[in-house]
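Keeping their order, the protein sequence lines are chains A and B.
According to my numbering, the first sequence holds residues 4 to 301 in order.
According to my numbering, the second sequence holds residues 3 to 188 in order.
No wet-lab data here; the hints were simulated from the structure.
You may find that some hints are simply not true.
Unchecked claim - Residues from chain A that keep clear of chain B, each with C-beta distances beyond 12 Å, as calculated:
{"id": "1", "residue": "R77"}
{"id": "2", "residue": "G196"}
{"id": "3", "residue": "A244"}
{"id": "4", "residue": "T245"}
{"id": "5", "residue": "P271"}
Claimed, not checked - In silico SDA-like links for lysine to any residue, alpha-carbon gap of 25 Å or less:
{"id": "6", "chain 1": "A", "residue 1": "K288", "chain 2": "B", "residue 2": "S56"}
{"id": "7", "chain 1": "B", "residue 1": "K19", "chain 2": "B", "residue 2": "V33"}
{"id": "8", "chain 1": "A", "residue 1": "K288", "chain 2": "B", "residue 2": "V33"}
{"id": "9", "chain 1": "B", "residue 1": "K184", "chain 2": "A", "residue 2": "Q235"}
{"id": "10", "chain 1": "A", "residue 1": "K288", "chain 2": "A", "residue 2": "P272"}
{"id": "11", "chain 1": "A", "residue 1": "K101", "chain 2": "B", "residue 2": "R100"}
{"id": "12", "chain 1": "A", "residue 1": "K78", "chain 2": "A", "residue 2": "N185"}
{"id": "13", "chain 1": "B", "residue 1": "K19", "chain 2": "A", "residue 2": "I238"}
{"id": "14", "chain 1": "B", "residue 1": "K184", "chain 2": "A", "residue 2": "D274"}
{"id": "15", "chain 1": "A", "residue 1": "K195", "chain 2": "A", "residue 2": "S219"}
{"id": "16", "chain 1": "A", "residue 1": "K288", "chain 2": "B", "residue 2": "T183"}
{"id": "17", "chain 1": "B", "residue 1": "K184", "chain 2": "A", "residue 2": "R237"}
{"id": "18", "chain 1": "A", "residue 1": "K288", "chain 2": "A", "residue 2": "V240"}
{"id": "19", "chain 1": "A", "residue 1": "K288", "chain 2": "A", "residue 2": "V176"}
{"id": "20", "chain 1": "B", "residue 1": "K19", "chain 2": "B", "residue 2": "V34"}
{"id": "21", "chain 1": "B", "residue 1": "K152", "chain 2": "A", "residue 2": "R6"}
{"id": "22", "chain 1": "B", "residue 1": "K184", "chain 2": "A", "residue 2": "F287"}
{"id": "23", "chain 1": "B", "residue 1": "K184", "chain 2": "B", "residue 2": "L58"}
Idealized CB from N, CA, C, for every residue including glycine.
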Amino acid sequence: MSRRGPLITLGSVLVLAMIFLLANTQVAEPGKAAASVPATPTATATPTATPLHALYAGRSSGDQVTVAIAINGRKAAADLNAGQASQVSMQGSVNGGKVTLTSQDGTGLVGSVSGQDMFGTVTGFLGQNFPFSAEQAAVEAVYTGRSSGNQLTLAVETDGDKAAAYLCNGRTVEAWLQGSVNGNQVSLTGNKGASLTGSLSGLDMFGTVTANAGLSFPFSAELSPRPAGVYQARIAVNGLATRIGWAVLPDGTQVGMAVAGATRYPAPPLDLANGSFTLGGASFKATPVAGNDTVVSP
Amino acid sequence: MTTEQMAAYPARDQYAKPLVVALLSGCAVAVVLGAYAKLHHPSRYALDVGGFSSPLYAKAWLTTAAAVFAVVQLVTGTRIVRRGAPAWMPVVHRWSGRIAILLTVPVIIHCIYALGFGSYSARVLAHSVLGCLFYGAFVAKMLSLAQRDKMPRWVLPVLGGVVFVSLIALWATSALWLFTTKGVHS
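Okay, chain A solo, but in the shape it has when bound:
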């Protein structure tokens, strides 16, 4: 009687596992397909086609240097970063899945795209040559920057074709924005006429941002490594529902505000190591915002 029982158990485990695995391939396939489209710009692609946009983020083999590479059509740009004051920006081109970049001071990078990854070599960075690997990060990326007169700090999170952003001057003006990425065009809107339109070029995003005060500013933002990004917390302070937003720049600069009804005040400092902050003697947690999060209530 117990002969078949274990085999039936084994079979049902296998069937359930297969159902989950197949369901996952169905669910995960669209995202993967969307992400892999720009990964292999081939030599046969017509140069006049809409620019393909892809981002790769990774590290050197020894982990000391972070590597960020952006591909736009046949153009490419990259940043190498080994901590403060040792950053190099590079420009270059894409040809048949091969990326070649150089900087003004002679640093070079050669990478080849392999599926979702890019592997290659960096030469002459702080006098060193080393291999690197990077992974396609187009699904999730963050651009941070400021308006032209430093009035506003902003952070734009992207996740595939979705985008969410926070902009703030730290004292009086802030806005949450929701929108989309279409090719290299970014378009977001918020409440009370707030909006952001921009275009992606290399590692940068340029455009115009309109705060809810009705003021428009040109801005520039660039692809930023974590912990840069948008963070938010929805908490109760003295019984008041309070929403706090932070735009965090790659150097750790935080600009944020707390809004509770008509009351507005600067956001408390955020501990970027664990997302915690203290307000009114109590400890709270902020969460990183992703590009596909809903930040503007419909």
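Use these hints to put chain B onto chain A, whose structure you have.
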């Protein structure tokens, strides 16, 4: 080899084939799971069980539930091999085991599909290896159970013990770690 020589060692040889088949099948499952988890490009996201704050917590609670059933397994498993166990006990043992293993299925698929075989810290490496060991030992035990008349007596307790210990260790390297670092909530 003559038939007389073969007949001289019936008691030894009757165990060999089913046991070797069961153990090798378990090994094969463990290796295949590990290889797939390592080679499959992590999707970073996967189907989720609803009602929890994050997939991580869904997995942690499913694993915790499975671990509770595993304790039931241990208690009933050590009794049913003795004489005089109540008639309901084998039923409880079978069903607690089935529920426990089915609870782990969404978890392992998420682990393998979204995260893959990780080795970036001792905890993650141990968890990855234990996950392969757990399913390998489970398959070996089920196959041994199906042929239990042809097994030495120590096989089921040993395989059951490996399944139990590896599940508890899996729980300790994942759910317990999550609860102690991020707090106990849903």
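Do the hints match the structure? See the list:
no., hint, verdict
1, R77, "26 Å, holds"
2, G196, "34 Å, holds"
3, A244, "19 Å, holds"
4, T245, "20 Å, holds"
5, P271, "21 Å, holds"
6, A/K288 <-> B/S56, "15 Å, holds"
7, B/K19 <-> B/V33, "21 Å, holds"
8, A/K288 <-> B/V33, "41 Å, violated"
9, B/K184 <-> A/Q235, "18 Å, holds"
10, A/K288 <-> A/P272, "12 Å, holds"
11, A/K101 <-> B/R100, "51 Å, violated"
12, A/K78 <-> A/N185, "18 Å, holds"
13, B/K19 <-> A/I238, "64 Å, violated"
14, B/K184 <-> A/D274, "15 Å, holds"
15, A/K195 <-> A/S219, "13 Å, holds"
16, A/K288 <-> B/T183, "14 Å, holds"
17, B/K184 <-> A/R237, "18 Å, holds"
18, A/K288 <-> A/V240, "13 Å, holds"
19, A/K288 <-> A/V176, "23 Å, holds"
20, B/K19 <-> B/V34, "22 Å, holds"
21, B/K152 <-> A/R6, "11 Å, holds"
22, B/K184 <-> A/F287, "13 Å, holds"
23, B/K184 <-> B/L58, "11 Å, holds"
Checked against the numbered hints given earlier, the structure breaks hints 8, 11, 13 and satisfies all the rest.
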